[in-house]
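*Asks:* In case you want the letters, here they are:
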Amino acid sequence: MANVITSLEDALACIGDGTILVVPREVSGVPMAATRALIRRGVKRLHLVALPTSSLQADVLIGAGCIETLETSAVSLGEFGPAPRFSAAITSGTIRMKDATCPALHAALQAAEKGVPFMPLRGLIGSDILKYRNDWKVIDSPFGNDDPIVLLPAIRPDVALFHAQMADRFGNVWIGRQRELATMAHAAAKTVVTIERLHDGNLLDDPVLAAGALSGFYVEHIAIAERGAWPLPLPDHYAADAEHLALYAKLAATTEGFAEYLDRYVYEKCAA
Amino acid sequence: MDFRPEELLADVIARLIGDVRHVAVGNASPIPATAALLARERGKGRPYVSLLQSRKHNFWTDGARELFDCAGQGRIDVFFLSGGQIDGHGNINLVSIGDYAHPKMRFPGSFGSAYLYYVVPKVILFRTEHSRRTLVPKVDFVSAPGVNEPNVFRTGGPIALVTNRCLFAFENGRFRLASVHPGHMVDEVIEHTGFDFDRPAQVPETQPPTPETLRIMREIVAPQLAEVYPQFAQEVFGVTAESNQGAAL
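Taken in order, these protein sequences are the chains called A and B. Going by the working numbering, 124 is the number at position 124 of the first sequence; the sequence numbering is gapless. Counting from 1 along the second sequence, just add 272 to a position and that's the residue number in the working numbering.
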């Protein structure tokens with residue numbers, strides 16, 4: 001079999017302009033080293049699906065001009081305040097926003113995972129989210145009597161991209177309880193993963209590790225990127241870099257400050 | 273006053289939680305988290321409390337969707353929501369101010385509200401800024417509606433709105449002023465509320481926390497809270513995390 005372990009740049013080669021890219025929420029292993037590499041390469045017109053929310057990653061990609069369409073339930077820097085580049089892009093109309101609600105994104109990716117065209121979901125009726133989503137439909141449940149229910153078309157991303165603690169040479173990735181990473185990988189045509197370290201042996205040989213693993217069958221490329229989620233946290237591994245996130249929130253408040261941030265931490269490769 | 277406003281609000285919310293099986297608390301909600309942990313202490317382990325932001329205080333192992341699947345089956349009894357705007361029909365807006373296509377101001381987004389508001393039996397609305405800016409006649413964007421047509425499947429919805437000034441109950445699609453917090457006045461509530469609401473001739477004052485409640489909050493709840501909300505626990509209760517391990521994860 002081909003070697004799945006490659007350089008970061010080679011691993012990301014399949015993410016081109018216009019790619020539909022799915023990424024996880026802040027606490028599930030956000031591939032920030034890969035995100036900085038994509039910005040350096042100048043990727044354009046991404047359709048970013050953030051499952052189900054995003055923070056720094058979406059904000060930096062928006063600010064750097066890499067995003068055409070954003071599909072998610074919320075973008076926020078949490079305790080560090082609103083996501084400034086996201087807010088600015090929405091109020092100035094420079095990106096296309098597909099507002100969703102968290103379980104709708106989970107369900108739409110599960111539809112792709114199962115190979116079915118749509119998934120029904122409760123809630124949503126009477127919400128303006130539904131009103132502005134022309135791709136979502138309301139039907140009368142065929143199993144009910146006057147029971148309207150929303151149908152969500154499957155989301156089939158071109159590429160799933162995330163950061164995890166470890167993987168082996170066979171492409172198996174340990175994802176622990178972040179099971180939505182498996183859903184992302186199952187739903188996407190290709191999956192690219194960055195990891196902290198290589199695991200000797202085969203993760204699937206140990207039943208305890210295998211239960212928390214994503215099979216290499218679904219994984220296209222893996223690149224080693226130590227502290228690859230920095231400055232965001234890697235679950236059960238390291239915490240967020242609060243000082244850096246506070247600095248980001250301050251700099252990204254203005255376009256000049258954001259450009260300075262990119263110069264210092266993305267283009268100059270100052271990342272830890 | 274020998275208690276802090278945060279302690280009063282947490283006590284009010286703990287009473288609204290009542291006797292239930294499972295309370296879940298979303299991100300960035302230190303006061304509702306305090307209330308849920310207080311309810312658990314008073315109930316000697318009941319309700320089960322899930323703090324979404326915590327590693328220690330949540331049991332989910334099947335990824336981020338498990339919370340929503342759990343709620344969809346009716347396994348979550350109480351949840352908390354807020355809004356950049358909340359209107360008199362219980363509609364909440366977490367999206368934007370102005371026209372959706374060309375907003376004047378953008379909020380983070382709706383998160384799970386357009387689902388959880390429908391399927392969690394007791395949703396407690398919580399907004400500390402009680403002003404005509406936040407409590408409006410009509411929200412600019414409905415992230416999730418307070419009520420639906422009778423044929424829409426809905427097992428949940430708002431039961432109350434807690435603010436820094438008062439407690440509103442939500443009944444039959446409208447808010448009713450249930451009590452005004454110590455140090456605040458009915459006229460002041462009317463002046464700062466942008467929507468119409470019902471009120472009895474005599475509006476009671478919100479019951480202050482008892483010395484025993486304050487003791488439980490300060491001695492038992494605060495150290496637990498410090499794992500998830502170290503800054504809040506320090507500021508309100510003067511408590512630092514016993515071990516920073518949880519917060520580091």
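Calculated directly from the structure, the hints in this document are not laboratory data. Check the hints yourself; a few may be wrong.
To be verified - Think about it this way: if two alpha-carbon atoms lie no more than 25 Å apart in a straight line, the pair counts; the simulated DMTMM-like pairs of lysine to aspartate or glutamate are:
| no. | chain 1 | residue 1 | chain 2 | residue 2 |
| --- | --- | --- | --- | --- |
| 1 | B | Lys328 | A | Asp236 |
| 2 | A | Lys137 | B | Glu421 |
| 3 | B | Lys328 | A | Glu79 |
| 4 | A | Lys131 | B | Asp341 |
| 5 | A | Lys131 | B | Asp412 |
| 6 | A | Lys137 | B | Asp371 |
| 7 | B | Lys376 | A | Asp236 |
| 8 | A | Lys98 | B | Glu507 |
| 9 | B | Lys376 | A | Glu68 |
| 10 | A | Lys131 | B | Glu401 |
| 11 | A | Lys98 | B | Glu338 |
| 12 | A | Lys190 | B | Asp334 |
| 13 | A | Lys131 | B | Glu421 |
| 14 | A | Lys137 | B | Glu401 |
| 15 | A | Lys114 | B | Asp341 |
| 16 | A | Lys250 | B | Asp341 |
| 17 | A | Lys250 | B | Glu401 |
| 18 | A | Lys98 | B | Asp341 |
| 19 | B | Lys328 | A | Asp147 |
| 20 | B | Lys328 | A | Glu196 |
| 21 | B | Lys394 | A | Asp147 |
| 22 | A | Lys98 | B | Glu401 |
Said to hold, decoys possible - Taking CB as the label site, the calculated pair distances span:
| no. | chain 1 | residue 1 | chain 2 | residue 2 | range |
| --- | --- | --- | --- | --- | --- |
| 23 | A | Asp140 | B | Gly445 | 31 to 41 Å |
| 24 | A | Gly16 | B | Ala373 | 36 to 46 Å |
| 25 | B | Glu463 | A | Ile139 | 22 to 32 Å |
| 26 | B | Glu477 | A | Ile139 | 22 to 32 Å |
Stated by the list, open to error - Chain B is nowhere near these chain A residues, computed Cβ spacing over 12 Å in every case:
| no. | residue |
| --- | --- |
| 27 | Ala13 |
| 28 | Glu26 |
| 29 | Leu51 |
| 30 | Ser76 |
| 31 | Phe86 |
| 32 | Ile90 |
| 33 | Thr91 |
| 34 | Cys102 |
| 35 | Val150 |
| 36 | Arg177 |
| 37 | Glu180 |
| 38 | Asp206 |
| 39 | Gly212 |
Every residue gets a Cβ at the ideal spot worked out from N, C-alpha and C, and that includes glycine.
*Asks:* Each hint needs a verdict: does it hold in this structure or not?
*Replies:* Going through the hints against the structure:
no.: 1; hint: B:Lys328 - A:Asp236; in the structure: holds (11 Å)
no.: 2; hint: A:Lys137 - B:Glu421; in the structure: holds (18 Å)
no.: 3; hint: B:Lys328 - A:Glu79; in the structure: holds (20 Å)
no.: 4; hint: A:Lys131 - B:Asp341; in the structure: holds (24 Å)
no.: 5; hint: A:Lys131 - B:Asp412; in the structure: holds (13 Å)
no.: 6; hint: A:Lys137 - B:Asp371; in the structure: holds (23 Å)
no.: 7; hint: B:Lys376 - A:Asp236; in the structure: violated (39 Å)
no.: 8; hint: A:Lys98 - B:Glu507; in the structure: violated (38 Å)
no.: 9; hint: B:Lys376 - A:Glu68; in the structure: holds (20 Å)
no.: 10; hint: A:Lys131 - B:Glu401; in the structure: violated (29 Å)
no.: 11; hint: A:Lys98 - B:Glu338; in the structure: holds (23 Å)
no.: 12; hint: A:Lys190 - B:Asp334; in the structure: holds (22 Å)
no.: 13; hint: A:Lys131 - B:Glu421; in the structure: holds (16 Å)
no.: 14; hint: A:Lys137 - B:Glu401; in the structure: violated (36 Å)
no.: 15; hint: A:Lys114 - B:Asp341; in the structure: holds (17 Å)
no.: 16; hint: A:Lys250 - B:Asp341; in the structure: violated (37 Å)
no.: 17; hint: A:Lys250 - B:Glu401; in the structure: holds (24 Å)
no.: 18; hint: A:Lys98 - B:Asp341; in the structure: holds (23 Å)
no.: 19; hint: B:Lys328 - A:Asp147; in the structure: violated (39 Å)
no.: 20; hint: B:Lys328 - A:Glu196; in the structure: holds (24 Å)
no.: 21; hint: B:Lys394 - A:Asp147; in the structure: holds (23 Å)
no.: 22; hint: A:Lys98 - B:Glu401; in the structure: violated (29 Å)
no.: 23; hint: A:Asp140 - B:Gly445: 31 to 41 Å; in the structure: violated (24 Å)
no.: 24; hint: A:Gly16 - B:Ala373: 36 to 46 Å; in the structure: violated (29 Å)
no.: 25; hint: B:Glu463 - A:Ile139: 22 to 32 Å; in the structure: violated (46 Å)
no.: 26; hint: B:Glu477 - A:Ile139: 22 to 32 Å; in the structure: violated (50 Å)
no.: 27; hint: Ala13; in the structure: holds (28 Å)
no.: 28; hint: Glu26; in the structure: violated (10 Å)
no.: 29; hint: Leu51; in the structure: violated (7 Å)
no.: 30; hint: Ser76; in the structure: violated (4 Å)
no.: 31; hint: Phe86; in the structure: violated (7 Å)
no.: 32; hint: Ile90; in the structure: violated (4 Å)
no.: 33; hint: Thr91; in the structure: violated (6 Å)
no.: 34; hint: Cys102; in the structure: violated (4 Å)
no.: 35; hint: Val150; in the structure: violated (10 Å)
no.: 36; hint: Arg177; in the structure: violated (5 Å)
no.: 37; hint: Glu180; in the structure: violated (4 Å)
no.: 38; hint: Asp206; in the structure: holds (18 Å)
no.: 39; hint: Gly212; in the structure: violated (9 Å)
Checked against the numbered hints above, the structure violates hints 7, 8, 10, 14, 16, 19, 22, 23, 24, 25, 26, 28, 29, 30, 31, 32, 33, 34, 35, 36, 37, 39; every other hint is satisfied.
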